[in-house]
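> Sequence:
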Amino acid sequence: MQTKNLALTGAAALCALVLVAPPAQAGAPSVTVTVMGTSDLHSNVLNWDYFKDATYADSAGNSVGLAKVSSLVNQIRAERGADRTLLFDSGDTIQGTPLAYYYAKVEPITQTGQIHPMAKAMNAIGYDAVTLGNHEFNYGLPLLATWIKQMRAPVLGANAVYDRTGLPAYKPFVIKAMKVKGEKPVKVGVLGLTNPGVAIWDKANVEGKLRFTDLVESAKKWVPVIRGLGADVVVVTAHAGDNGLSSYGGDLPVENASAMVAEQVPGIDAVLFGHAHNDVPQRFVTNKVTGRQVLLTEPGRWGQRLSRLDFQLTKQHGRWVVSGKSATTINTNTVQEDPKIVQLLKPQHDTTVGYVNKVVAKSAQALSAAESPYKDTPILDYIQHVQVETVKQALPDNTLPVLSIAAPFSRTAVFPAGDVRVRDVAGLYVYDNTLLAVKLTGAQIKDYLEYSAKYFNQLAPGDPVDVTKLTNAGNTPDYNYDQLSGVSYDIDISKPVGQRIANLSYDGAPVPADKEFVVAINNYRQSGGGGFPHVTGAPVLYNAQVEIRQALIEYATAKGTIDPSGFAVQNWKLTRDGVPVF
Numbered sequence: 004m005q006t007k008n009l010a011l012t013g014a015a016a017l018c019a020l021v022l023v024a025p026p027a028q029a030g031a032p033s034v035t036v037t038v039m040g041t042s043d044l045h046s047n048v049l050n051w052d053y054f055k056d057a058t059y060a061d062s063a064g065n066s067v068g069l070a071k072v073s074s075l076v077n078q079i080r081a082e083r084g085a086d087r088t089l090l091f092d093s094g095d096t097i098q099g100t101p102l103a104y105y106y107a108k109v110e111p112i113t114q115t116g117q118i119h120p121m122a123k124a125m126n127a128i129g130y131d132a133v134t135l136g137n138h139e140f141n142y143g144l145p146l147l148a149t150w151i152k153q154m155r156a157p158v159l160g161a162n163a164v165y166d167r168t169g170l171p172a173y174k175p176f177v178i179k180a181m182k183v184k185g186e187k188p189v190k191v192g193v194l195g196l197t198n199p200g201v202a203i204w205d206k207a208n209v210e211g212k213l214r215f216t217d218l219v220e221s222a223k224k225w226v227p228v229i230r231g232l233g234a235d236v237v238v239v240t241a242h243a244g245d246n247g248l249s250s251y252g253g254d255l256p257v258e259n260a261s262a263m264v265a266e267q268v269p270g271i272d273a274v275l276f277g278h279a280h281n282d283v284p285q286r287f288v289t290n291k292v293t294g295r296q297v298l299l300t301e302p303g304r305w306g307q308r309l310s311r312l313d314f315q316l317t318k319q320h321g322r323w324v325v326s327g328k329s330a331t332t333i334n335t336n337t338v339q340e341d342p343k344i345v346q347l348l349k350p351q352h353d354t355t356v357g358y359v360n361k362v363v364a365k366s367a368q369a370l371s372a373a374e375s376p377y378k379d380t381p382i383l384d385y386i387q388h389v390q391v392e393t394v395k396q397a398l399p400d401n402t403l404p405v406l407s408i409a410a411p412f413s414r415t416a417v418f419p420a421g422d423v424r425v426r427d428v429a430g431l432y433v434y435d436n437t438l439l440a441v442k443l444t445g446a447q448i449k450d451y452l453e454y455s456a457k458y459f460n461q462l463a464p465g466d467p468v469d470v471t472k473l474t475n476a477g478n479t480p481d482y483n484y485d486q487l488s489g490v491s492y493d494i495d496i497s498k499p500v501g502q503r504i505a506n507l508s509y510d511g512a513p514v515p516a517d518k519e520f521v522v523a524i525n526n527y528r529q530s531g532g533g534g535f536p537h538v539t540g541a542p543v544l545y546n547a548q549v550e551i552r553q554a555l556i557e558y559a560t561a562k563g564t565i566d567p568s569g570f571a572v573q574n575w576k577l578t579r580d581g582v583p584v585f
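The sequence shown maps to residues 4 to 585 in my numbering.
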């Protein structure tokens, strides 16, 4: 991260206290207020990996889940005093695991009236405010509204406004008053800001209904209001990273604007941010208007970390003023799960475990996604095959060739030989995308593939091949490397970006620039996610809101077997000056 020289970690962060106001006079009343923060929980409640059907484990020894977070929160409340602590979250709460999927799609809370597992856990832990992340919109506005009603904590999103009126669609902020014996209460204001990328990533759910305004401009509007209502401390909870960059182009406001908010908007004491999934214990940004230091922290993802922000306030001229502040992140692997949360969520957890272990088909052989980022693998061909068959069935009168686009979402996914379960399919297709089909020309497909091929680092002929250094050029994530089925092509990684696609052919002949194709594609990509060319403006021929993961499950169930001899086609490969890399 760019912030390494600004961040204090571990023990250093615990004792760091940055003075942000003139020292108080001797004997002036003082109080310390602690804010705890999570972000990007992605519906992890228990320390469990539903895709592996086992306790969560990674190479770094991390734990996940709100049950672990709850134990840390209980500790800090006991140490600091519950009346001196607050607990906030910066978004991406109700999507991300089969637990969330089950209660959004299999037994949706909008129909059953059940309490969403994340609402149940957060209510039990006692959150004081939760901010909307972009993934809150994945399952549509009705489910989001139901979850918000179930939450005891206010759910914030100041820059999500109604499309027609521009008025806030969600609560912009909340002010929490903390009693101080013999003194005025300390008022902590929290402003919630969500990510403008929702307009692209969940276009189908929000278009014509909601707009998402610039984080900086929204903060400039609301921070003075919060200060005017007497807030002594102002915290922004922002679902936006801190690098000032965007994964999309166009006219949308900046995606990762948290540091920009701290830098450009006066009156903010701290920003608890998310979206980037980084562990940022403590970072300071100088506000350009006031010259004061603004504290930033990000607690990683999935409940692996809890941010703790400490604010020292002293009484100056009859009011509380922040005179020092610091932050750190605490690893949740240092505590056991809170048994109260484990017990509370056990029925819904057990239901989900039963669902993901349901056998959907038998695989003729073991299929692995490990090499999918740099080789044409049968397991990704299975996604392509199901997408093509689904589109063909939906467009019986179509006479154009049907192609398909898929990306390697997971390098760890495996269909074992024998029984394939829901969790195996969910582990391969980890996102809640829906299927569309668009019309593209041969020239547009060539452009698309050239753009996708920027994922590979350039490698001269004869140079040694190290697969660990072959991919993710320019920090392009795996999910933004699209592979195309139905046409054949080579990717010459010895060539510069934009000149890599060779031998593009269909049915044994070169693809004419004006030849038209139907292309199966997911909603994230079609709506502009990843910035791929041509697809956002291409004619949409099919959009039945079919979830791709569910289509994979249903296709496997109907067939009963997954046999690569029926769908695996080696149609693309990496080359260097025409010589295959593998």
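A portion of the hints provided could be inaccurate.
[What the hints assert, rightly or not] Using 16 Å as the maximum straight-line C-alpha spacing, the simulated EDC-like pairs for lysine to aspartate or glutamate come out as follows:
| # | residue 1 | residue 2 |
| --- | --- | --- |
| 1 | Lys-187 | Asp-86 |
| 2 | Lys-318 | Asp-131 |
| 3 | Lys-223 | Glu-266 |
| 4 | Lys-378 | Asp-493 |
| 5 | Lys-212 | Asp-166 |
| 6 | Lys-498 | Asp-580 |
| 7 | Lys-152 | Asp-131 |
| 8 | Lys-442 | Asp-493 |
| 9 | Lys-562 | Asp-282 |
| 10 | Lys-190 | Asp-131 |
| 11 | Lys-206 | Asp-166 |
| 12 | Lys-291 | Glu-266 |
| 13 | Lys-449 | Glu-392 |
| 14 | Lys-179 | Asp-86 |
| 15 | Lys-576 | Asp-422 |
| 16 | Lys-472 | Glu-374 |
| 17 | Lys-365 | Asp-566 |
| 18 | Lys-361 | Asp-422 |
| 19 | Lys-174 | Asp-131 |
| 20 | Lys-518 | Asp-450 |
| 21 | Lys-576 | Asp-517 |
| 22 | Lys-442 | Asp-566 |
| 23 | Lys-184 | Glu-266 |
| 24 | Lys-190 | Asp-86 |
| 25 | Lys-361 | Asp-56 |
| 26 | Lys-576 | Asp-379 |
| 27 | Lys-449 | Glu-374 |
| 28 | Lys-55 | Asp-450 |
[Claimed, not checked] Taking CB as the label site, the calculated pair distances span:
| # | residue 1 | residue 2 | range |
| --- | --- | --- | --- |
| 29 | Val-433 | Lys-518 | 28 to 36 Å |
| 30 | Lys-518 | Ala-207 | 53 to 61 Å |
| 31 | Ser-568 | Pro-542 | 33 to 41 Å |
| 32 | Gly-129 | Pro-542 | 25 to 33 Å |
| 33 | Gln-461 | Lys-395 | 33 to 41 Å |
| 34 | Pro-342 | Lys-395 | 47 to 55 Å |
Just so you know, the hints here were simulated from the structure itself, not pulled from any lab data.
Each residue gets a CB set at the ideal place from its N, CA and C atoms; glycine is no exception.
> Of the hints given before, which are not true for this structure?
Violated hints (numbers, rising): 2, 8, 9, 13, 15, 21, 22, 23, 27, 28, 30 and 32; every other hint is consistent with the structure.
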